[in-house]
Amino acid sequence: MQHIAYISRAVRPLTDEDLHELLTQCRRDNKRHHITGVLFYSHGNIAQLFEGESEAIDPLFGRILRDGRHSHVQKLIDKPIAARSFADWSMAFHPLEPEAFEALQGFLLPHHVPAPPSTLTIADAMLIDLVRLAVFGGATPPQAPAPTAGLDQA
Amino acid sequence: MREHSEQTILRHVPAGVATLQGPELCYGFVNEAMEAVLGGPAPEGVPIAKHPGFLAADLLDVMQRVYQSGRPFIAKAYCLALPGPDSPNRYYDLTLEPFREASEVISGLLLFAVDVTAQEEARQQAHRLEVETRRLDTRLRVLTETVPQITFTVDAKGHYDYVSPQWYYFTGQPPTAAVDAIWPLLIHPDDRLRVLYQAEAARAAGAGWSYEYRLRRHDGQYRWLLSRALPEQLHTPGEPVFWHGALTEIHDQRELTEALRRGEAELRFLADSIPELIWTASAEGFIDYYNRHTSEYTGLTQEELGPTGWVNLLAPKEQAEAARQWVHSMATGEAFEGVFRMRRHDGQYRWHIIRARQLADGQGLRWFGACTDVDDQHRLREVLQTQYNELARTNHDLDTFVYTASHDLRQPLINLRGLFEELARVASFDDPQASSMLQMVEDALAQLELTIQDLAATVQDQRGLSAPAERLDLRSITDEILLGLRMQFVQAGATLEFDLEGAPTLHYGRANLRSILHNLLSNALKFAHPERPAHIRVRSYLQDGQPVLSVQDNGLGMVVPSPNSPGFRPFTRQHTHVPGAGVGMYLVQRILTSRGGHLEVASTLNEGTTFTVHWTAAQPGE
Ligand SMILES: Cc1cc2nc3c(=O)[nH]c(=O)nc-3n(C[C@H](O)[C@H](O)[C@H](O)COP(=O)(O)O)c2cc1C
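The listed protein sequences correspond, in order, to chains A and B.
When you read off a place in the first sequence, starting at 1, and then add 226, the result is the number in the working numbering.
One point on numbering: in the working numbering, the residue at position 398 of the second sequence is 384, and numbering is uninterrupted.
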């Protein structure tokens, strides 16, 4: 098991369609490769943490690095972990028309993002808090972990 | 038959042919092509003016003139505006040729129309292109001559085909200067060879270039320039290739980045030589630099620590709070400060103050932090605190012991005194010394009682310092005390003088005031001079608004080590021949200092002593 986190900048702002496409493609492919984690997007700022078997993680990061939709990819952590912390893969952003996304699996509004799972080390949980802050700014404090207890136990 | 076949041919030739007959120019023969020009069949015998089709009036006018003058005329690329919004214009070369009958008199006109629309359009297109090219050319010239850069065009051999005027402005060379020869000479000697080599190599490879070098400005100063050029993209095979490029002055940027680089290097050097943990973080809060001491202390490299790994070094119980505080600082920009235990490479945790502040400058926002090892101070403080607690406890135990002991001693003493009085009353002694010995025993017993009393009073006071203060009348308290000291008073043949008008009352604890007055007055009586009756003067007054009490006697006097700090310690005595435990003055001083007051003493041997009590904190200006 391994996890990687990075931040990056979208080459141009992602539209609702772009985000929708990315969300569905990632949900599909990540399920297939048993990759879990979370992605934050806002105003061109991107941050993502994903975890899984190393055989799946490294090639995915390679694909993401080459993806022309973003640049300035800055890897923050890349290290072996004992166990997964996320139950599935989800994506948090502010669509122009949230109604179209509300029903979608794996979509979260930024202020509904749960606090980092307690299975992460404090350093990694802090890293997630910091990237969330970097992407969304200080206006969306993390949720109390209670409503997503299922996730924490994963 | 022959005429017929000629007519058939004429009818079908691709050029328009028509005959116009008589001065009225009536339609005669009109072939198909001409009908297309005219826009329909032309009725034979009808004057052209009556049925002009698409022909404009000016052409009809010209036809009349040709008919009259007999001189043929060719209208080149004559434009026929066909009706309809979308129909394109068509162009014809129109030939008007007069023809004559046998009489040599002009009898009509021959009209030929050759469609030249395609040629005309091509010509017009070429013209438009030329205008556009000229426009672009002008624009390019204006642009190349107004941008701050020097622009140039150079061929494969290094011959400059074009150099924009900026080159001349920059170098100060006259417009007649031989650019090819002079340019290399203006390059800084240290850069020249490299530049010539790089440019030549790029041209030989057919590639572009981008390099920096110093070029001499008109004022003799060498300035850093960035030279970039690309070979022509659309180049005709066989034609020479040209490189087009620009020179941008980057001197100031280069100096600035150089200064920044130097500044950063100096800062790192400084940080690396400080035996403290020093680090910087990005605006997002990710640590991007740790100094050398950090890796020495932690035993971890920057890679191992990672952007947030520092929090793992803290004592496990402190990590969550430190992380929360750091995220809070990133969200608000507030400085970070805390005291945490941080793990050393050998596993020992040491106390550190961790501080970080943000700096926003032209470079953007960054955080600068330091961890100061305060472990020794921290431990010292802990040791001191433990020792203090121990001392306080010991002190208390001692007080308790003394108090209990004085209590326990008191009862046997009272019994002893009673027994002794009884013994003195009923027993008779033969020894002539007996009565004085009896007196000495009695004195000693009295002395013992007094000492025990004083001891009890001392600890009692120490424990009950917080007795409530109240407004007390000095005179009545003094009278109560004198009642207790009546015996000594009489023995010393003492007289008392009061002067309490200045401050007749005092806000103080009753027991404490009594204790002080008792000690001062009994002292004055105790140390009375054997050769004269004691005279004691008690004064109470205000000095700088603060209450002061003085007790003055005419007794034995003493040696005062320092007038302001007489330093009464328990059980030290000035006059060993006079009975007294020495506890009294110690007690007085303790009570006074615990309330911010102090005691002064002035004394002359064999003349007398004055004790001055300052009840409250030292007056300003003293
Ligand atoms: C910001 C960002 C995050 C992405 N995250 C994932 C991801 O988690 N899983 C995934 O399969 N593809 C992700 N992609 C898409 C990949 O970069 C890539 O487009 C996708 O794997 C298809 O790759 P392929 O076209 O080479 O097959 C992400 C792309 C971007 C721009």
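It cannot be assumed that every hint is accurate.
Here's a subset of chain A near chain B, in silico, CB distances under 7 Å, partners left out [unchecked claim]:
no.: 1; residue: L291
no.: 2; residue: V299
no.: 3; residue: I303
no.: 4; residue: P306
no.: 5; residue: I307
no.: 6; residue: P343
no.: 7; residue: L346
no.: 8; residue: I348
no.: 9; residue: A349
no.: 10; residue: D355
no.: 11; residue: L356
Computed beta-carbon distance windows for the label pairs [stated by the list, open to error]:
no.: 12; chain 1: A; residue 1: G294; chain 2: B; residue 2: A167; range: 44 to 50 Å
no.: 13; chain 1: A; residue 1: S297; chain 2: B; residue 2: L253; range: 38 to 44 Å
no.: 14; chain 1: B; residue 1: Q184; chain 2: A; residue 2: E279; range: 35 to 41 Å
no.: 15; chain 1: B; residue 1: L256; chain 2: A; residue 2: R295; range: 40 to 46 Å
no.: 16; chain 1: A; residue 1: S280; chain 2: B; residue 2: G194; range: 52 to 58 Å
Simulated from the structure, these hints should not be mistaken for lab results.
Fair warning: this is a prediction, and the values are worked out from it, not measured in the lab.
The beta carbon of each residue, even a glycine, is placed where N, CA and C say it ideally should be.
Verification of the hints:
1. At about 18 Å, the closest approach between the beta carbon of A:L291 and any beta carbon in chain B exceeds 7 Å, and the interface hint on this residue is violated.
2. Checking A:V299 against chain B by beta carbon gives a least distance of about 14 Å; that is not within 7 Å, so the hint is violated.
3. For A:I303, the interface hint holds, the least distance from its beta-carbon to any beta-carbon of chain B being 6 Å, beneath 7 Å.
4. Interface hint at A:P306: violated, since its Cβ lies 13 Å from the closest Cβ of chain B, which is beyond the 7 Å cut-off.
5. At a threshold of 7 Å, the smallest CB-CB gap from A:I307 to chain B is about 13 Å, leaving the interface hint violated.
6. The interface hint given for A:P343 is broken, as the beta carbon of that residue sits about 14 Å from the closest beta carbon of chain B, more than 7 Å.
7. Hint status for A:L346 relative to chain B: violated, with the closest Cβ pair at about 11 Å, above 7 Å.
8. Using the Cβ-Cβ criterion of 7 Å, the hint placing A:I348 at the interface with chain B is satisfied: the shortest such distance is roughly 4 Å.
9. Because the closest C-beta pair between A:A349 and chain B is about 4 Å apart, less than 7 Å, the hint holds.
10. Annotation: interface hint on A:D355 holds; nearest CB of chain B at approximately 5 Å, less than 7 Å.
11. A distance limit of 7 Å between C-beta atoms decides the matter here; for A:L356 the minimum to chain B is near 4 Å, and the interface restraint holds.
12. Taking the beta carbon of each, A:G294 and B:A167 are about 48 Å apart, inside 44 to 50 Å as hinted.
13. In this structure, A:S297 and B:L253 break the distance hint of 38 to 44 Å, their C-beta atoms being roughly 29 Å apart.
14. Distance hint for B:Q184 and A:E279: a CB-CB separation of about 49 Å, inconsistent with the stated range 35 to 41 Å.
15. Under the hint 40 to 46 Å, the C-beta atoms of B:L256 and A:R295, about 42 Å apart, fit the expected range.
16. Distance hint check: the CB atoms of A:S280 and B:G194 are about 42 Å apart, inconsistent with the given range 52 to 58 Å.
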